[in-house]
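> Assemble the whole structure, with the sequences as input and the hints as a guide.
Top to bottom, those sequences are chains W and V.
1 is the number of the first residue of the first sequence in full-length UniProt numbering; add one for each residue after it.
1 is the number of the first residue of the second sequence in full-length UniProt numbering; add one for each residue after it.
Hints may contain errors.
Note that identical chains are pooled: a pair holds if it fits in a single copy or bridges any two copies.
[Said to hold, decoys possible] Heads up, simulated BS3-like pairs for lysine-lysine below, C-alpha to C-alpha not over 30 Å straight-line:
(1) 414 to 328
(2) 404 to 455
(3) 125 to 350
(4) 370 to 59
(5) 116 to 129
(6) 328 to 211
(7) 145 to 414
No lab work stands behind these hints, which were simulated from the structure alone.
Protein chains: 2
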Amino acid sequence: MTLYENLAIRLREHIELGFYKPGDKLPSVRQLAKEHGVSISTVQEAYRQLEQELLVEAKPKSGYFVSVQNKDNLPSISRPPQRPLEVSQWEEVLNMLMIRSRTDGVQLQHAMPDMKATTLKPLLKDLSKQNPEVGLSYSDVRGTKELRTQLSRLAVASGCQLHPDDLVITSGCQEALSVCLRAVTEPGDIIAIESPSFYGSMQAIKAANLKAMEIPTHPETGISLEALELALDQWPIKAIFVTPTCNNPMGYTMPEDKKEQLYRLAQSYDITIIEDDIYGDISFQFPRPKTIKSFDTDGRVLLCSSFSKSIAPGMRVGWIAPGRYRDKVTHIKYVSSSMCPVTPQLAVAKFIRLGGYAKHIRNMRLNYEKQRDMLLKAIKAYLPKDTRVSFPAGSFILWVELAKDIDSMKLVEKCRQKGVGFAPGPLFSATGKYRNCFRLNYSEKNVEKREAAIKTLGQVIAEMQPD
Amino acid sequence: MTLYENLAIRLREHIELGFYKPGDKLPSVRQLAKEHGVSISTVQEAYRQLEQELLVEAKPKSGYFVSVQNKDNLPSISRPPQRPLEVSQWEEVLNMLMIRSRTDGVQLQHAMPDMKATTLKPLLKDLSKQNPEVGLSYSDVRGTKELRTQLSRLAVASGCQLHPDDLVITSGCQEALSVCLRAVTEPGDIIAIESPSFYGSMQAIKAANLKAMEIPTHPETGISLEALELALDQWPIKAIFVTPTCNNPMGYTMPEDKKEQLYRLAQSYDITIIEDDIYGDISFQFPRPKTIKSFDTDGRVLLCSSFSKSIAPGMRVGWIAPGRYRDKVTHIKYVSSSMCPVTPQLAVAKFIRLGGYAKHIRNMRLNYEKQRDMLLKAIKAYLPKDTRVSFPAGSFILWVELAKDIDSMKLVEKCRQKGVGFAPGPLFSATGKYRNCFRLNYSEKNVEKREAAIKTLGQVIAEMQPD
Ligand SMILES: Cc1ncc(COP(=O)(O)O)c(C=O)c1O
Ligand SMILES: Cc1ncc(COP(=O)(O)O)c(C=O)c1O
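Right, dumping it as structure tokens:
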């Protein structure tokens, strides 16, 4: 047995005996080396071993921590029906949108970021003292040059070389998705999507008279390329629609090499990729993960995003990097809502330019990661033992899978009466599957409030299981 | 001969001899009665006679004026091809949108209102000191209750009883039109439209995979009901799309009884009407004309509008009164761009609530009417004798028809070099007709600048006619 294996065993024991608990900080590399009289690199090797076993996690600049999550209780790989289907569930989505105004209780259903962070202050100050006259006229249908310039700078972090003229500003990511879908399809076309998938994109598929082909999706690595290839062989799929970085609702980030493989697959079948990167900037990984767009050499990837998750959704500032579809995208954007309001664009551009944005997302990443771990702990403590839960690689939303016989649509009703809200699973399926699943938001800093809500949730679930 | 006929003859002579010139104020009723020793009602009868001859116009609270326009030189009734066609002209529209940023010269091409009016000040002040925090979150997908409440109050002036829940807020009128088209059609459907028509709505028809059936349109009373009925008999038309009040680009307001007839026609063929009322509030008529929607008893009219012409387009605040299509419209609005930014909605709602809006449009109506007359004079003075020109019943745009052999696409190029811009006719046709026509904006208060531009225009036209 090597020195590092030996050390790894002792650390594993300590963790398994509960000496260190999930989320606890482990001793520093330096400290352990001293304690055990081994070299720094031996300790590093031992930690690497435990990391591979998912027992331990490294956090940039903070050291090693006991994982709050282990692979055993990740949600199952999804197995949606293997044929193109019409999207349903609009009623359910509308219901959820409509309860938006309630502020009582703990509302964990909306994918809203923390907007009380102090790092937002410079932007808010700027928004509160705008010169309104600059925002009165019609302006460039592609959006302001100022914002497009800043966006092309930000894109470097995700591996993209984009010119400001390669970008079109939209009213949030929702308009971006909708415009891209309409730009690359004809009515009746089939779109391959992850399953589960964000309900807004599925409803856009429905509204554009398209069919959705849900592809089995792995809770840690995303859409199955094997299943996708099978589907591409069987059906005339027009485009692939994915959220590969900090996926909504599952939270995974597709590994970089898999992103590249997905791009090659699209190339070999000569189809288009619509990539939703809305959570990309609040990945817990630093530097942030590359986009599929970063591998794009022939312009077949349309990248969509917005500041709705990294800053605030109410500003409605989103964008498209439309690749070779620029002209078509410009046309559809023009008919969809003409140009976007200028004032928020200018405020955000300034926020980025002066470094406030970088600072803000750094702050958010750290908070959200901590809050994720606290929520995972609460779930472990209060929800049934057989609960499965995703392990988000970024963002502030998390996917919970309960035992098969628990109906989240009934659960959501019962919980609403107790002032606890969440987004039930069927919203995230084209055809109302995932009835035993739901999505929780953990963006708010008030951890206690959320814990109390999870406790309530646990009680309601227990009451639903009469045995 | 009656007393009033006698008086009418003398007045007509004075006008025809040039004693009173186009646009001049005529003596007051009281003054004439005294001068000619006749009763007030005799003078009124005489003026009414001359009004019917279109020699004289009454202006509310100001008295009688010599008409600047007479029926002889109105643009011709349009005769578009009588079959459904795909919309082209996107390149031309994009070209015009792209030169938006140039500020040199006199740009008469954009349908932008006067945004320097002092009556806008309360709104601007409010916009400049918003509490930015209220605008950060996701909110009601139908728009804020505050604005929908104010809009339902405004609707009374156009003859409509609307509940706040009968309204959906949109990103300008463009999104309203686009959403309505998508809500009431399937790809491949045929839409009947006026000819000429606003290019934004035609491009929305194109983008929704629909066909446009252009209907002959009268320059004073709008879409021909006879031609429309013929088309309805011949083709499976799904919806009628009209801008019947202060039409863009022709400026006419369809008479109220004709609006009602159009509604009855739609009823008897069981089809939908999409009514664009974007210029309705800046009609020169007071109280403002009724909408087709005001006759709607079965919810088949979808009314679209925005504050882009009555306040400022950059705010992007528009709305739909979708009638029986409310659920479908809400769905398409949600997928199109999710909810609209809250801040401008609240500012506009307050502007309306405190009476600033009513004051502002009163101011604008008076200014625009004066500016229309000044522009008509300039056209008479500087453009060729055979020029035909519309007589807008409201708004700040005017349609010019030149001799058949003059190509406005060439003209626009030549004029651009001299710093004069206008919107060439082919933009307003599905298939690039109206090559000898163009649209001019007269919203700016600087009349001299516009006059100089018309003079330049006249010179360029003269140079284009070598004979
Ligand atoms: C994956 C994903 N894409 C798009 C959107 C829509 O974003 P926006 O609010 O910017 O329109 C959301 C919002 O929930 C989302 O989660
Ligand atoms: C008749 C008509 N409808 C709709 C629009 C689009 O308006 P908005 O800027 O509110 O989207 C315009 C703008 O020019 C218009 O003239």
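> All hints are to be evaluated individually against the structure, with a verdict given for each.
Right, here's what the structure says about each hint:
With identical chains, the CA atoms of residue 414 and residue 328 are at most 30 Å apart between copies only, with a shortest distance of 29 Å across copies and 46 Å within one. Taking CA atoms no more than 30 Å apart as the test, residue 404 paired with residue 455 passes inside one copy only; the shortest distance there is 20 Å, against 79 Å between copies. Proximity of residue 125 and residue 350 under a CA criterion of 30 Å is satisfied in both settings, with 12 Å inside one chain copy and 22 Å between copies. For the homomeric pair residue 370 and residue 59, the shortest alpha-carbon distance inside one copy (10 Å) is at most 30 Å, but the shortest distance between copies (70 Å) is not.
For the homomeric pair residue 116 and residue 129, the shortest alpha-carbon distances inside one copy (19 Å) and between copies (20 Å) are both at most 30 Å. In the homo-oligomer, the alpha carbons of residue 328 and residue 211 lie at most 30 Å apart both inside one protomer (21 Å) and across protomers (18 Å), since each shortest distance falls under that limit. Taking the shortest Cα distances, residue 145 and residue 414 sit within 30 Å of each other only across copies (28 Å), while inside one copy they are farther apart (49 Å).
No hint from the list above goes unmet by this structure.
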